[in-house]
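K.L.:
Here are the chains, one letter per residue:
Protein chains: 2
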Amino acid sequence: MSTNSRPLILVSNDDGIFSNGIKALVEVAAEFGEVEIVAPDRQQSAVGHAITVSTPLRAQSFKLDNRFNGKAVNGTPADCVKLAHNQLLSRKPDLVVSGINHGSNAGINILYSGTVSAATEGTILGYPSIAFSCTEFSEDADLTGCQDAARKVIRFVLEHGLEKGVTLNLNAPAGPLKGIKWARQAKSRYVEEFEGRVDPHNRDYYWMAGKFELLEKDGGSDIDALEKGYASLTPIQYDLTDHELLKKYSKTEF
Amino acid sequence: MSTNSRPLILVSNDDGIFSNGIKALVEVAAEFGEVEIVAPDRQQSAVGHAITVSTPLRAQSFKLDNRFNGKAVNGTPADCVKLAHNQLLSRKPDLVVSGINHGSNAGINILYSGTVSAATEGTILGYPSIAFSCTEFSEDADLTGCQDAARKVIRFVLEHGLEKGVTLNLNAPAGPLKGIKWARQAKSRYVEEFEGRVDPHNRDYYWMAGKFELLEKDGGSDIDALEKGYASLTPIQYDLTDHELLKKYSKTEF
Chain A
999 MSTNSRPLIL VSNDDGIFSN GIKALVEVAA EFGEVEIVAP DRQQSAVGHA ITVSTPLRAQ
1059 SFKLDNRFNG KAVNGTPADC VKLAHNQLLS RKPDLVVSGI NHGSNAGINI LYSGTVSAAT
1119 EGTILGYPSI AFSCTEFSED ADLTGCQDAA RKVIRFVLEH GLEKGVTLNL NAPAGPLKGI
1179 KWARQAKSRY VEEFEGRVDP HNRDYYWMAG KFELLEKDGG SDIDALEKGY ASLTPIQYDL
1239 TDHELLKKYS KTEF
Chain B
999 MSTNSRPLIL VSNDDGIFSN GIKALVEVAA EFGEVEIVAP DRQQSAVGHA ITVSTPLRAQ
1059 SFKLDNRFNG KAVNGTPADC VKLAHNQLLS RKPDLVVSGI NHGSNAGINI LYSGTVSAAT
1119 EGTILGYPSI AFSCTEFSED ADLTGCQDAA RKVIRFVLEH GLEKGVTLNL NAPAGPLKGI
1179 KWARQAKSRY VEEFEGRVDP HNRDYYWMAG KFELLEKDGG SDIDALEKGY ASLTPIQYDL
1239 TDHELLKKYS KTEF
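First to last, the protein sequences are chains A and B. Here the first sequence is numbered in the numbering used here, starting from 999 and rising by one per residue. Here the second sequence is numbered in the numbering used here, starting from 999 and rising by one per residue.
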């Protein structure tokens, strides 16, 4: 079998090429196909769907674990996937995966997440794409359950494909996998977001230090699944139009 | 009438405090209430919904046109609105407006837009919020039509309120206002996104240089309205769940 008959899987993330999470995801992806890594050269958490338009991007070749070909890019996760698609990959990928992020990308976190944005960018470019996150921040979190979930979801997507315009967003607790629940994005937000301090020169500064607040108690959300110990799997899309409200408003004239 | 009985309007943007666009929006906002500006101290285009978690934020006081109180923040548009809400404003705002952006935030641009993210952040925090953009990039674009549109939409929102969880996103061509059309986000993407170059030290680098591609010809989209010379007004929301697909998938077990 020639190497090229195996699916090509592009792996990216937002924690950068040195994180344990990307290593854990690359290991799983390699069970299914050929892997190419294009990821930020440093930590890019909470960059959302940022792209780099004012400075040029560079891509430095590296090998992960002396086995997997990678390019480290001085840009955001969305930059990485765009540049991979447009310039860096040896051929079109069959799948784009992002993660495993160290920290939850459930609920409102989806909006701020570089990990999710890498996958969304894959979807925009026309590839089936999946984001993976472990809810535990620690760099040495036990990712085996999230790897098991990734194995199942990657197999599902390679076998069945994924509808155009849809990204899958998986979150899993640390430790062994209890199961995977389909879920919607929970209504949530951050409160008490900043800690004000005064520097030695008597000037104010502020650290972001928000507390996650769940705004609903209904079942079926990603946070609900995670609180019950399951991994959550959410199909997300990027048409932000509120179609119901648009219908309601459409007779209002200015 | 005491100053405080007038509505308080928070103005932010992503082009920074020195742009003509923010000045144009502040002028309109001041017709309706008291204005406080909290905006990035420099250009922050295409940062999407990025937030700053790894470095502290600072806010420097300034006066716009010697009249309007402002704070210049070394952060993203979303940072600015969060910090304004949490630390900087004299009282809770009645309205959050963002812009006027120099450049379109219609179609897929909504995802990459710092301007829209500032307004979305206002919505997340519970305030009626509107993003304004002019489709012409030029710093000296004629913003009078966009100002007229802002006047009408701000009046509408102050009079009728806005449903929780919804942000209004307005785009207008440069020049006089022909009218405002309610519209949905157009299916669109960028193609041919990078220009590869070689530096004097013989190393590759890449400039992002994408072409906007419209993926639909149907009426009713924001791009369609703009192409016909109208301003477009789109209600957007931030539950990214694809609820239809979730229903379809929910019987698939792993």
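If you are wondering where the hints come from, they were derived from the structure by calculation, not from laboratory data. It is possible that some hints are incorrect.
Said to hold, decoys possible - Derived pair list, reagent style DSS-like, types lysine-lysine, alpha-carbon separation capped at 27 Å:
{"#": "1", "chain 1": "A", "residue 1": "LYS1061", "chain 2": "A", "residue 2": "LYS1090"}
{"#": "2", "chain 1": "B", "residue 1": "LYS1150", "chain 2": "B", "residue 2": "LYS1090"}
{"#": "3", "chain 1": "A", "residue 1": "LYS1245", "chain 2": "B", "residue 2": "LYS1090"}
{"#": "4", "chain 1": "B", "residue 1": "LYS1185", "chain 2": "A", "residue 2": "LYS1245"}
{"#": "5", "chain 1": "A", "residue 1": "LYS1150", "chain 2": "B", "residue 2": "LYS1246"}
{"#": "6", "chain 1": "A", "residue 1": "LYS1150", "chain 2": "A", "residue 2": "LYS1246"}
{"#": "7", "chain 1": "A", "residue 1": "LYS1215", "chain 2": "B", "residue 2": "LYS1150"}
K.L.:
Take the hints in turn and mark each one as holding or not.
P.N.:
Hint check results:
no.	hint	in the structure
1	A/LYS1061 / A/LYS1090	20 Å, holds
2	B/LYS1150 / B/LYS1090	23 Å, holds
3	A/LYS1245 / B/LYS1090	30 Å, violated
4	B/LYS1185 / A/LYS1245	18 Å, holds
5	A/LYS1150 / B/LYS1246	18 Å, holds
6	A/LYS1150 / A/LYS1246	41 Å, violated
7	A/LYS1215 / B/LYS1150	38 Å, violated
Checked against the numbered hints given earlier, the structure breaks hints 3, 6 and 7 and satisfies all the rest.
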